[in-house]
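Enquirer: Each chain, letter by letter, is given below.
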Amino acid sequence: MVSHQRFTILTDQYLQQIRITEEVRKAVISSGVVNGTVAVITMHTTTGITVNEDLECLESDIESALERLVPEDIPYSHARMLHSYGSTAGNPTGHIKSMLVGNHCLFPVMDGKVVLGGAQDIFFCEFDGPSQRTYHITVMGE
Amino acid sequence: MVSHQRFTILTDQYLQQIRITEEVRKAVISSGVVNGTVAVITMHTTTGITVNEDLECLESDIESALERLVPEDIPYSHARMLHSYGSTAGNPTGHIKSMLVGNHCLFPVMDGKVVLGGAQDIFFCEFDGPSQRTYHITVMGE
Amino acid sequence: MVSHQRFTILTDQYLQQIRITEEVRKAVISSGVVNGTVAVITMHTTTGITVNEDLECLESDIESALERLVPEDIPYSHARMLHSYGSTAGNPTGHIKSMLVGNHCLFPVMDGKVVLGGAQDIFFCEFDGPSQRTYHITVMGE
Numbered sequence: 001m002v003s004h005q006r007f008t009i010l011t012d013q014y015l016q017q018i019r020i021t022e023e024v025r026k027a028v029i030s031s032g033v034v035n036g037t038v039a040v041i042t043m044h045t046t047t048g049i050t051v052n053e054d055l056e057c058l059e060s061d062i063e064s065a066l067e068r069l070v071p072e073d074i075p076y077s078h079a080r081m082l083h084s085y086g087s088t089a090g091n092p093t094g095h096i097k098s099m100l101v102g103n104h105c106l107f108p109v110m111d112g113k114v115v116l117g118g119a120q121d122i123f124f125c126e127f128d129g130p131s132q133r134t135y136h137i138t139v140m141g142e
Numbered sequence: 001m002v003s004h005q006r007f008t009i010l011t012d013q014y015l016q017q018i019r020i021t022e023e024v025r026k027a028v029i030s031s032g033v034v035n036g037t038v039a040v041i042t043m044h045t046t047t048g049i050t051v052n053e054d055l056e057c058l059e060s061d062i063e064s065a066l067e068r069l070v071p072e073d074i075p076y077s078h079a080r081m082l083h084s085y086g087s088t089a090g091n092p093t094g095h096i097k098s099m100l101v102g103n104h105c106l107f108p109v110m111d112g113k114v115v116l117g118g119a120q121d122i123f124f125c126e127f128d129g130p131s132q133r134t135y136h137i138t139v140m141g142e
Numbered sequence: 001m002v003s004h005q006r007f008t009i010l011t012d013q014y015l016q017q018i019r020i021t022e023e024v025r026k027a028v029i030s031s032g033v034v035n036g037t038v039a040v041i042t043m044h045t046t047t048g049i050t051v052n053e054d055l056e057c058l059e060s061d062i063e064s065a066l067e068r069l070v071p072e073d074i075p076y077s078h079a080r081m082l083h084s085y086g087s088t089a090g091n092p093t094g095h096i097k098s099m100l101v102g103n104h105c106l107f108p109v110m111d112g113k114v115v116l117g118g119a120q121d122i123f124f125c126e127f128d129g130p131s132q133r134t135y136h137i138t139v140m141g142e
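Residue numbers (my numbering), protein chains in the order written: chain V, 1 to 142; chain D, 1 to 142; chain Z, 1 to 142.
Please note that the accuracy of each hint is not assured.
Covered stretches of chain Z (in silico footprint by chain D; criterion: 3 or more residues with CB under 8 Å from a CB of chain D, positions within the stretch not fixed) [claimed, not checked]: (1) 1 to 13; (2) 99 to 108.
Pairwise CB distance ranges, derived in the manner of DEER restraints [as the list claims (entries may be wrong)]: (3) V:132 - Z:60: 23 to 31 Å; (4) D:21 - V:72: 20 to 28 Å; (5) V:72 - D:7: 37 to 45 Å; (6) Z:22 - D:1: 40 to 48 Å; (7) Z:30 - V:60: 16 to 24 Å; (8) D:25 - V:22: 18 to 26 Å.
Rather than coming from a laboratory, the hints here were simulated on the basis of the structure. For every residue, glycine included, the Cβ atom is placed at its ideal position computed from N, Cα and C.
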């Protein structure tokens, strides 16, 4: 059994982490899959999907850490330019952060529910907003 | 066909990489799945799952590299605090390393066995130990 | 339904990103899977699989960023040595980059096709070439 659900969100900051745990919980329940896995997958190259604790102070630590690892103020070959898919401007730092964070996360589905640890929340990470973004939730199993 | 197996381990160092390749091999064999995939998924936000070569010198290089990327001695907003899930103290560096390394790995299953390259071993990465930790091995296929 | 396909490539540079989007598209079509997921998985510990935009300037930015994060000219415990699997020399930087980038990517399969965003291409990343490399494309679903 396979269930695909597509979600569109509007980010409103350059860097932003949006909690999507509830969307994943509901997508799993509505999929009808009792036993299997759920994948959360972004459709963009300057965004990521990650798992972390939902703490405001942690969000700013993560953004600062990524900015330290991939600074804005050094020269890049990939200069700013317009993209066709709705982003305000091309950004090499967004592409590199996206590669470091990854394009998807994966979780078990048991008894019809996504299995998350007590501190785990799922986040859509914007690295080049504001923009309109799309991600998929794919539930597979029996 | 879906098989979920849950494993609990006790880490005994602040930073630690524990080889779990044999656990994955056995979980695939006992799952009865002949053809499909196996996912190894951590339940925590200051741990990771990674694939690498099993060399002691490499473990220390990886830990040093992550400490260089996410230093302990710079100010973070997320100060140390007790967690409810058994960790001795909250740690922003553990959360950031966890995001960089990722919450899971995925491998093919063929002829009833996990398919790994000759140099590939699977590791559970502790970034905020010592602690009791849980990970899932989910095998799906036919 | 499960389809495994194995691909071998020869990389010809120390650092290289090889676009494999067409291989993934064709593997999904030939798998016969209409609805499910496709995983692209590397068999090595000094390579990675990533998703990004296919722009030459971006490739050099990514390689420079990874070299900044994991410099060649600092001391590592894991000295250069011959590997059994065909690489010219062991390299600690390749192992660490591999961990940061990840061993696989995952995408939805709908209507018999891999679902990619408009800017998304799939890359095999070489971090210790030139070498002969193998990756798997595993399509699962119904």
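Enquirer: All hints are to be evaluated individually against the structure, with a verdict given for each.
Expert: Hint check:
{"no.": "1", "hint": "1 to 13", "result": "holds (count 3)"}
{"no.": "2", "hint": "99 to 108", "result": "holds (count 6)"}
{"no.": "3", "hint": "V:132 - Z:60: 23 to 31 Å", "result": "29 Å, holds"}
{"no.": "4", "hint": "D:21 - V:72: 20 to 28 Å", "result": "40 Å, violated"}
{"no.": "5", "hint": "V:72 - D:7: 37 to 45 Å", "result": "41 Å, holds"}
{"no.": "6", "hint": "Z:22 - D:1: 40 to 48 Å", "result": "31 Å, violated"}
{"no.": "7", "hint": "Z:30 - V:60: 16 to 24 Å", "result": "47 Å, violated"}
{"no.": "8", "hint": "D:25 - V:22: 18 to 26 Å", "result": "36 Å, violated"}
Checked against the numbered hints given earlier, this structure breaks hints 4, 6, 7, 8; the rest are met.
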